[in-house]
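Could you build the full structure based on these sequences and the hints that come with them?
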Amino acid sequence: MSLEIFFVVEEAAEGGYEAKALGHSIYTQGETLEEVREAVKDAVVILRTTRYLASFACIW
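Residue numbers for the sequence shown follow the numbering used here, beginning at 219 and rising by one.
Take these hints with a grain of salt, some might be off.
Lysine to any residue pairs mimicking SDA-like chemistry, simulated, CA-CA at most 20 Å apart [what the hints assert, rightly or not]:
#, residue 1, residue 2
1, 238, 256
2, 238, 253
3, 259, 241
4, 259, 229
5, 238, 263
Simulated from the structure, these hints should not be mistaken for laboratory data.
In structure tokens form, the structure reads like this:
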């Protein structure tokens, strides 16, 4: 089973960036795009382990 999760990354009003998953309750933020990228990866890994997903891919 494979699942694609798409994120919208935007500049946050208070500075930094925020990422929101489309169709999922995943939200994360960071000061830099690299921090957001790592936070998104961590969030997807948590989702994967809690929902027993077979595979996932992060495309940047």
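Hint-by-hint comparison with the structure:
Distance hint between residue 238 and residue 256 is fulfilled; the C-alpha atoms sit about 14 Å from each other, no more than 20 Å. Of the supplied pair hints, the one linking residue 238 and residue 253 holds, its CA atoms being roughly 14 Å apart against a limit of 20 Å. A C-alpha spacing of about 17 Å is found between residue 259 and residue 241, which places the hinted pair at or below 20 Å, so the restraint holds. With a C-alpha separation of about 18 Å, the suggested pair residue 259 and residue 229 falls inside the 20 Å cut-off, and the hint holds.
Between residue 238 and residue 263, the direct Cα distance comes to roughly 15 Å. Compliance with the 20 Å bound is thereby established for this hinted pair.
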